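J.: Protein chains in written order, with our numbering: chain W, 1 to 283; chain V, 1 to 283; chain H, 1 to 309; chain C, 1 to 309.
It should be emphasised that the hints constitute simulated quantities derived from the structure, not laboratory data.
Honestly, I wouldn't trust all of these hints.
Dumping the calculated DMTMM-like pairs for lysine to aspartate or glutamate here, alpha-carbon to alpha-carbon at most 20 Å [said to hold, decoys possible]:
#, chain 1, residue 1, chain 2, residue 2
1, W, Lys251, W, Glu227
2, V, Lys274, C, Asp203
3, C, Lys29, V, Glu258
4, V, Lys8, C, Glu285
5, W, Lys251, H, Asp80
All values reported here derive from a predicted model rather than from experimental measurement.
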Amino acid sequence: MINKHARKIAAEIVSNKRVGTYHHMVFEVGDLAAFVRPGNFVAVSVGGEASSMILRRAFAVHRASAKTHIGGILELVVAPHGGGSKWLTSLPNGFKVDMVGPLGTSFGIPTENVRALLVGGGYGSAPLFGLAEVLKNRGSRVDMVLGASSAAKIYAPIEGKRSVNSMTITTDDGSAGLHGRVSEFLPEIIEKNNIEVIYSCGPMGMLAAISEIAALMQIPHQCAVEESMACGIGVCMTCVIPMKDADGVIKMQRSCIEGPVVSSERVIWNSNGKIPAGTWGEL
Amino acid sequence: MINKHARKIAAEIVSNKRVGTYHHMVFEVGDLAAFVRPGNFVAVSVGGEASSMILRRAFAVHRASAKTHIGGILELVVAPHGGGSKWLTSLPNGFKVDMVGPLGTSFGIPTENVRALLVGGGYGSAPLFGLAEVLKNRGSRVDMVLGASSAAKIYAPIEGKRSVNSMTITTDDGSAGLHGRVSEFLPEIIEKNNIEVIYSCGPMGMLAAISEIAALMQIPHQCAVEESMACGIGVCMTCVIPMKDADGVIKMQRSCIEGPVVSSERVIWNSNGKIPAGTWGEL
Amino acid sequence: MSFDFSTQLGDKRFSNPIFTASGCAGSGKELAQFFALEELGGIVTKSIMMKPRSGRATPRMAETPSGMLNSIGLQGPGIDRFLADDIPWLKSQNATIVISIAGESVEDYGLLAKKLDGIPGISAIEINISCPNVENRGQVFSCHVDTAYAAVNAVKTNLNLRIPLIAKLSPDVTNIADIAESVHSAGASGVALINTLLGMVIDTNTMKPKLAGKTGGLSGPAIRPVAVRAIYQVHQRLPQLSILGMGGVASGRDALELILAGASGISVGTATFGNPLAAIKVKNELQDLLIEKGFASVAAAVGFAHRDS
Amino acid sequence: MSFDFSTQLGDKRFSNPIFTASGCAGSGKELAQFFALEELGGIVTKSIMMKPRSGRATPRMAETPSGMLNSIGLQGPGIDRFLADDIPWLKSQNATIVISIAGESVEDYGLLAKKLDGIPGISAIEINISCPNVENRGQVFSCHVDTAYAAVNAVKTNLNLRIPLIAKLSPDVTNIADIAESVHSAGASGVALINTLLGMVIDTNTMKPKLAGKTGGLSGPAIRPVAVRAIYQVHQRLPQLSILGMGGVASGRDALELILAGASGISVGTATFGNPLAAIKVKNELQDLLIEKGFASVAAAVGFAHRDS
Ligand SMILES: Cc1cc2nc3c(=O)[nH]c(=O)nc-3n(C[C@H](O)[C@H](O)[C@H](O)COP(=O)(O)OP(=O)(O)OC[C@H]3O[C@@H](n4cnc5c(N)ncnc54)[C@H](O)[C@@H]3O)c2cc1C
Ligand SMILES: Cc1cc2nc3c(=O)[nH]c(=O)nc-3n(C[C@H](O)[C@H](O)[C@H](O)COP(=O)(O)OP(=O)(O)OC[C@H]3O[C@@H](n4cnc5c(N)ncnc54)[C@H](O)[C@@H]3O)c2cc1C
Ligand SMILES: Cc1cc2nc3c(=O)[nH]c(=O)nc-3n(C[C@H](O)[C@H](O)[C@H](O)COP(=O)(O)O)c2cc1C
Ligand SMILES: Cc1cc2nc3c(=O)[nH]c(=O)nc-3n(C[C@H](O)[C@H](O)[C@H](O)COP(=O)(O)O)c2cc1C
Ligand code: FES
Ligand code: FES
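In isolation and in its complexed conformation, chain W is listed as follows:
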């Protein structure tokens, strides 16, 4: 069933802290937390009762914990960007937001131990820490690379850093870690750590670059894609990206229910603004 486990709930804010340019927000979500897998997202209404912003905003789940002393909680990392996210990050504790989730696909977890590389860009690092925990619990080695334009846009909480075997930071302006783009350093890190699988989340351009490297080096790569979403539940067809289906046919597929986590070799990259030649029913 599509959207299995998804529900619409009133999620109470229990913490809202600024971390660099982001806000780390914790919500009480009750039972719902138990159904959240790394890679899933939630969709939040923004602007209050008489809001002119009629669409939900999607946020990747940073972490979900089913059993804390206050019950199930869910954590998000939100960048105050436009009207919706600024409203959300300005809310006080105790405020109840209207949340639908969990939504979308999750990262596939190998049944055996693997040497995994997790790559995040900007707030794209958010879902990777939950993923890292799960992988570590299964005994996998986890290396992480986080990139952003500048230091303030790296989201890497201390406890998160501790939970991985190695952490590499890159910034476009050199204000923290290595100077350059994530993808420049990947081949070396992959070689050095004998990486067997890559998980990534971040801007589409970064995912495309990682996909190219993964393909060249023949390493399986799962990435969480992002395209403008109106509904988040698969009914509007706005969030499509061209992807190969099981038979290799390129179709415009919904990133909200076929994704956000997809196998990167399925995606036809750099196709924003056009329908790739050969797409089924090409216009």
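Keeping the supplied structure of chain W fixed, place chains V, H and C with the ligands upon it in accordance with the hints.
T.: Leaving out everything else, chains V, H and C with the ligands in the frame of chain W:
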């Protein structure tokens, strides 16, 4: 000059208390308070940053005090009715609302002592208390009659009651004071107290009824009218009511700048939904 | 007092007046987690065309004040695959099915009608004529009385099934009542009002149109006053024509507004994006409101705002 | 780098591209408390007709999601009184004056033009042809190419003054570029886009239309995507035609959006109701934005969203 003294300010809420079905709200408004006269109104933006409610809401000034220990303050009495007023009445202290004022005409204060009757319906009582203070300070006798559908909709603060010479309450359902409509009791009160001038504020139907009585008994009557206002500053022409001008010509005149306080004999009552015959430029 | 929440479009009765809007409820499967599809008056499927269609490139949407633009471009699997995959599933859910069809030519409409003719369990056909006519410089069928007539007539004459035909009109015309009259004379017993308004958003960062398709369809509460006006005008001219109303309905109050203007049924579109349960919310609130106002039936409220005029 | 904030409509230069919108700034006097009128590119006066007019009955307005409906019905004192009272005052304020005129017949437009002919200090005439033509079943002039042409042509042929004529069009038409082409050929060197959309709100308490005039004009941010689309379409068809853009502009970003679509000037209407200083806010924000984006002039940004297309 039209809208003389009117300014757009950020008015901080310093108190917001529920009183019956209303909210009594106090705002810090600085210098602006000094320019407010009884009968003036202010126009407040509602719904916050990304509000779908694009028009201001008009509120009659309940009282304005230029020199309190926190500077100039302004008080409103707000009925939580639809989206705008519910938003406003739900705000916490410290919140700054966007306010334009003072706007509109004010009640004419006689230079000599008079025996004045102040008649209010529902939240229409709000501006009358500020007016009563001014009249009392000039040595006038002030009688007040407040009516509403039921007890909870009578707004009559205790200190307000004290400041008038007599206070009569009427309710349509008899849940407080006299059982019936304000207008039923007016002739008697007017006779008994030798009333020389009537001031009123409330629903248009009530004002029309009072006007009829005032005309019959030949007593000057100033009333604060209310018609849906889009701008509150005279630029949109939505708030018009048919009124005679100085030459006796009926024109559709703006209640926001020619009013809200007008001499009742100027108004062509019960004309909502039609242009009275003989109106200048009648369509 | 007993209250009758059923409604009629053409000569077909539906259990209640709340429907999904075409293109806003996926294949139905996506919503089934949130409520039972059979609870609605009907599920209006996304407009289906003869052949598979990729739709437009992305970005396909832009949020606007109290509304949104979309430019999906009628993505879909084509009628054959749709009838094989989606319809049986909807039937398995006991959903009441209204099929929306769209053509690129008058011939297409006739062919689509023929495809549907053998299919049992369809309650009505919504004929989306707000789509570009490739034979006429891409102008949409519903923009002119003659092309609107031709498209509807092609369905009528190629269909033996005796079910209501509901022509879905674009509000982007000089006189919508004229178009309604034309499709009525072509055999439509109802009209769906309104499809989206043509709009555009320019991204002030890239300084280019935000949508890959440049223009898109404006929907949501922003357009509700236009929907109410269109419904009112058409009901005034043709009170015998059934109207399936839509455009920014997100509450029972909104649905009632469209019903008072003249709609017998209401489709909930964009509101579902903001709230997966929107249609159920609208349904429940509408029922409460109608009862509260003392109406004995939906029919009694249809066009009620026209009294004394 | 020097920045040129002036703009041109037809062959007339204005100090900056921000204007009031007709009917949304009263006579100018009401706003003078909030800012100096000469700070704007121009004050567009409310549409004036030959005779005094009471306008419609009340209620005349209804708020809608991110918008509002109005049904003022062109209330005004008639051209003679207007020229005697309002114009001298505006001149005394050094305001740049754009006079908006409206007629009930083609003849009216000609007569209005003659009235204006002797008057010095008028910078442009906005010809509001989005009003009902009493000679043609009350259909608005701008709804058809021929009536639109006739109204504008009547002004052109009766006016000796060499100032830009800007025809104001309604978006409620099947093809707005056709109408623009028609008024251009009739002598308009510019078009004002867009007037309000026809809409309606039904009060679910009284269960009747909320406005006394039943329908009203929809304005505000809700309609901005329609304005951007109309401007884009007309600029694409007729790049030489000046466009005074309007529809939901409340910020510099919004103004820039319309300019990128093809507008050379921007009128601020409904936003002034929410903020008496809206026009000044838009002006300041727009200037900052244009400079930040590296444009050397307004002209360089006009229609910029059309590049590579
Ligand atoms: C699957 C998914 C996961 C996401 N996870 C996060 C996260 O963990 N943290 C975070 O801060 N943000 C995340 N986003 C982006 C987030 O949903 C909002 O788009 C962002 O907060 C901007 O919204 P706004 O209202 O502030 O900005 P506005 O620019 O005002 O948004 C206007 C509209 O554009 C859409 N939009 C704008 N930018 C994007 C974008 N990059 N991608 C998709 N839609 C966009 C918005 O959804 C909205 O409808 C995610 C988006 C998706 C699709
Ligand atoms: C001169 C004047 C003085 C006022 N003084 C007060 C006051 O002291 N206390 C108070 O509680 N309210 C007062 N009001 C009414 C107030 O402005 C709002 O109309 C009311 O709060 C309802 O707004 P809303 O957003 O809650 O309701 P909604 O019904 O959502 O309002 C929708 C729209 O309708 C308009 N509207 C609705 N009802 C009225 C009405 N009766 N009169 C005029 N416009 C209306 C609103 O302004 C708004 O544009 C006054 C109105 C005017 C014109
Ligand atoms: C994303 C999206 C897709 C749509 N697809 C279709 C469609 O395939 N066929 C159709 O007739 N209308 C389509 N519409 C129009 C809606 O059915 C509806 O007429 C319109 O959106 C107005 O209603 P609303 O404001 O409730 O959404 C679509 C609307 C949206 C927002
Ligand atoms: C209350 C009101 C009165 C208006 N009166 C006129 C008018 O007299 N003449 C005219 O051409 N347009 C008139 N308009 C239309 C505006 O000038 C403008 O074209 C429209 O409102 C869209 O811009 P906006 O969204 O910025 O208001 C009026 C609009 C409003 C809201
Ligand atoms: S966001 Fe609506 S289908 Fe994916
Ligand atoms: S409210 Fe706009 S003129 Fe009075």
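J.: It remains to establish, for every hint, whether it holds in the given structure.
T.: Hints, one by one, checked against the model:
Restraint check: the Cα-Cα separation between W:Lys251 and W:Glu227 comes to about 15 Å, which is no more than 20 Å; the hinted pair holds. Distance check on the hinted pair: V:Lys274 and C:Asp203 sit about 18 Å apart at the alpha-carbon level, within 20 Å; holds. Simply put, C:Lys29 and V:Glu258 have alpha-carbon atoms about 14 Å apart, close enough for the 20 Å limit, and the pair holds. Using a Cα cut-off of 20 Å, the hinted pair V:Lys8 and C:Glu285 holds, with the two alpha carbons roughly 18 Å apart.
Straight-line distance between C-alpha atoms of W:Lys251 and H:Asp80 comes to about 17 Å, which keeps the hinted pair within the 20 Å bound.
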